[in-house]
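Trainee: FYI, the working numbering numbers position 121 of the sequence shown as 123, with every residue one higher than the one before it.
Calculated directly from the structure, the hints in this document are not laboratory data.
From a predicted model like this one, the values you see are computed outputs, not experimental measurements.
Built from N, CA and C at the ideal position, the CB exists for glycine as well.
Treat the hints with caution; some may be incorrect.
Straight line, CA to CA, 30 Å or less: simulated DSBU-like cross-link-like pairs of lysine-lysine [to be verified]:
id, residue 1, residue 2
1, 87, 222
2, 110, 227
3, 81, 222
4, 81, 227
Pair ranges (Cβ atoms, derived) [stated by the list, open to error]:
id, residue 1, residue 2, range
5, 43, 283, 36 to 46 Å
6, 237, 140, 39 to 49 Å
7, 187, 38, 49 to 59 Å
8, 79, 178, 47 to 57 Å
9, 79, 267, 50 to 60 Å
10, 226, 260, 23 to 33 Å
11, 70, 258, 40 to 50 Å
12, 187, 109, 53 to 63 Å
13, 34, 110, 24 to 34 Å
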Amino acid sequence: MSRTNLVPGIIRLSRPHGDWCNKVKSGQLVTTVLIGGMCTALYAPVLVYLVQVWIANPYYSHGFLVLPVSALLVWSRRKELAKAKPAGVGAVVLTIGLVMYAVGFIYKFNWLWASSVIPVTAGLLLCFRGARATRSMLFPICFLIFMIPLPVLNSVTVPLQLASTSGSASMVRAFGLPATNTGTEIQLAGSTFIIGATCSGMNTLISLLALTALFAYLLKGHYLKRTVLFLLAFPIAVAANVLRIALLLFVAHFWGSEAALGFFHGLSSPIVFLVAILSLFLLSRVSGCSLREADST
């Protein structure tokens with residue numbers, strides 16, 4: 003048989019294979035579009051709710067940064083998504099997420115409603131990309147929790163207020179200032195300061211926890227060391243807030259309450275937060291952890 007007769011045969015045999023591949027790709031595209039559309043319809047109202055919280059609640063003003071950071075982390079490891087080996091357990095995780103969504107929506111548990119995005123995303127990844135890809139994306143998915151207001155804050159705020167009040171009063175007394183404290187009030191000579199909810203340190207605590215979680219994820223080192231570093235964010239945040247209030251009391255004692263509650267009040271927050279960040283960085287160096295290379299994150 004001549005070469006001219008073979009070529010058309012080869013062409014005719016290759017066409018069905020090409021058509022089959024095109025159909026598979028078209029099917030995958032349709033599935034992706036459908037799932038993307040359903041997720042958008044489900045979570046667009048959740049996003050609107052969260053944006054309103056980020057604007058109105060000073061504890062969660064950092065929420066605007068959480069989504070872009072998670073998206074950037076996913077993009078940095080996007081090659082892991084190409085290794086597809088679907089896992090059946092994904093359907094279970096996805097079902098749990100959808101039940102959370104439904105219960106939160108029906109009973110107005112907004113935190114549960116919004117938190118459902120985590121198991122829903124993980125479940126979809128397990129269903130279509132498998133356990134390995136999901137494991138590599140687990141931190142970016144779980145990091146989303148820092149943009150969601152949790153009900154536990156109400157029960158933690160008052161203890162933080164009391165701890166900040168007693169801690170800062172004890173600190174200034176150690177340096178000779180005549181300060182007394184009752185509940186959430188601190189009395190200096192001629193002035194009284196009330197440590198309200200906004201001065202409890204909750205804002206610093208939540209922001210520092212989010213930043214420390216990201217920092218620990220980007221570090222090289224044993225996971226126990228990185229876990230300890232994350233847990234240290236709690237006492238560091240409390241200590242930073244105690245230091246901030248103590249500095250305000252010093253300024254009030256020497257220059258008056260107007261000076262303390264004016265310019266210095268606004269300036270003290272970013273300064274003390276920076277001190278907390280530097281403390282965590284120094285602790286990471288002492289523990290022997292270092293930042294990963296950019297191509298390995």
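Trainee: Now tell me, hint by hint, if it's right for this structure.
Mentor: Hints, one by one, checked against the model:
1. 87 / 222: Roughly 28 Å between the alpha carbons, so the hint for residue 87 and residue 222 holds.
2. 110 / 227: violated (39 Å)
3. 81 / 222: Since the Cα atoms of residue 81 and residue 222 sit roughly 20 Å apart, the hinted pair holds (cutoff 30 Å).
4. 81 / 227: With a Cα-Cα distance of about 28 Å, the restraint between residue 81 and residue 227 holds, given a limit of 30 Å.
5. 43 / 283: 36 to 46 Å: Cβ of residue 43 to Cβ of residue 283: about 42 Å, so the range 36 to 46 Å holds.
6. 237 / 140: 39 to 49 Å: Between residue 237 and residue 140, where Cβ atoms are some 26 Å apart, the hint is violated.
7. 187 / 38: 49 to 59 Å: Taking Cβ atoms as reference, residue 187 and residue 38 lie about 54 Å apart, which means the hint holds.
8. 79 / 178: 47 to 57 Å: Check passed, 54 Å falls within 47 to 57 Å.
9. 79 / 267: 50 to 60 Å: violated (42 Å)
10. 226 / 260: 23 to 33 Å: violated (49 Å)
11. 70 / 258: 40 to 50 Å: At 42 Å between Cβs, range holds.
12. 187 / 109: 53 to 63 Å: Violated, at about 38 Å.
13. 34 / 110: 24 to 34 Å: holds (32 Å)
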